[in-house]
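Q: Kindly generate the complete structure, drawing on both the sequences and the hints.
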Amino acid sequence: MITIKNRQRNIKIDENQIKKIVQKILNFLHYNNFDVGIWFTTNRTITRYNKKYRKKNKPTDILSFPFHESASPGKQIEVQTEDDRNLGDLIISLEYVKRNAEQLAISFDKHLQALLVHGICHLVGYNHLADEDYEKMRHKELQILKKLQD
78 MITIKNRQRN IKIDENQIKK IVQKILNFLH YNNFDVGIWF TTNRTITRYN
128 KKYRKKNKPT DILSFPFHES ASPGKQIEVQ TEDDRNLGDL IISLEYVKRN
178 AEQLAISFDK HLQALLVHGI CHLVGYNHLA DEDYEKMRHK ELQILKKLQD
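Under my numbering, the residues of the sequence shown are numbered 78 to 227, in order.
What the hints contain is simulated information worked out from the structure, not anything from laboratory work.
Please read all numbers here as calculations on a predicted model, not as lab measurements.
The C-beta atom is built at its ideal place from N, Cα and C for all residues, glycine as well.
Take the hints with a grain of salt, since some may be wrong.
[Claimed, not checked] Listed below are the simulated EDC-like cross-link pairs for lysine to aspartate or glutamate, each with C-alpha atoms no more than 16 Å apart in a straight line:
1. Lys133 to Glu146
2. Lys89 to Asp186
3. Lys97 to Glu179
4. Lys129 to Asp112
5. Lys82 to Glu92
6. Lys101 to Glu172
7. Lys175 to Asp112
8. Lys97 to Asp186
9. Lys135 to Glu172
10. Lys187 to Glu172
[Unchecked claim] Okay, the calculated beta carbon distance ranges per label pair:
11. Ser149 to Asn110: 18 to 28 Å
12. Asn109 to Leu219: 17 to 27 Å
13. Asn87 to Asp210: 28 to 38 Å
A: Right under this line is the structure:
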């Protein structure tokens, strides 16, 4: 199940469309029957979480909280219990996404879509701590984004 909580009021989003996109991403990664929580919020709120969990006292676009912290890129998570179907949660500041999209001269929807791909890749074990990991994650993200365009 894809759960969306929209706790900001300034930027309109189509939650049903976002759920469809997230489901396509999950399908592509072979996690069709897994759960993801997405919380849309403000710069102020995401700053609190960024400070608490990353020790950075500033807003960011997205934070990922994987349920399976030992997940590895490309290796399917094994389901032992119903809880194992939880991939984790994403927190996204729509204020930050909108400002970034404007600075990059790309549409808000495309930027949000790319961030959803990025966040879900984190939930299934991809990261970008080392150059090799970054390349692997970027390759997977581009694959998924291309698939979303088809």
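Q: Compare the distance between the alpha carbons of lysine 89 and aspartate 186 with 16 Å, and conclude whether the hinted pair is satisfied.
A: 11 Å, holds
Q: For a C-alpha distance cap of 16 Å, please report whether lysine 129 and aspartate 112 respect it.
A: 24 Å, violated
Q: Between the alpha carbons of lysine 135 and glutamate 172, is the straight-line distance 16 Å or under?
A: 13 Å, holds
Q: Are the Cα positions of lysine 133 and glutamate 146 separated by 16 Å at most?
A: This hinted pair is violated, its Cα atoms lying about 21 Å apart.
Q: Sort out whether glutamate 172 lies within 16 Å of lysine 101, counting only the CA atoms.
A: Not OK: lysine 101 and glutamate 172 at ~25 Å, beyond 16 Å, violated.
Q: CB of asparagine 109 to CB of leucine 219, is that within 17 to 27 Å?
A: Holds, since asparagine 109 and leucine 219 (Cβ atoms, about 21 Å apart) stay within the stated range.
Q: Between lysine 82 and glutamate 92, does the CA-CA distance stay at or below 16 Å?
A: Distance of about 9 Å is within 16 Å: holds.
Q: Can you confirm whether the C-alpha distance between lysine 187 and glutamate 172 stays at or below 16 Å?
A: 15 Å, holds
Q: Serine 149 and asparagine 110, beta-carbon distance inside 18 to 28 Å?
A: 20 Å, holds
Q: Are lysine 97 and aspartate 186 close enough, with their CA atoms no more than 16 Å apart?
A: Within the cut-off at roughly 13 Å; holds.
Q: Per the hint of 28 to 38 Å, is the separation of the Cβ atoms of asparagine 87 and aspartate 210 within bounds?
A: Since asparagine 87 and aspartate 210 have Cβ atoms about 35 Å apart, the given range 28 to 38 Å holds.
Q: Lysine 175 and aspartate 112 were given as a pair; does the straight-line alpha-carbon distance stay at or below 16 Å?
A: Violated, at roughly 26 Å.
Violated hints, in rising order: 1, 3, 4, 6, 7; the structure is consistent with all others.
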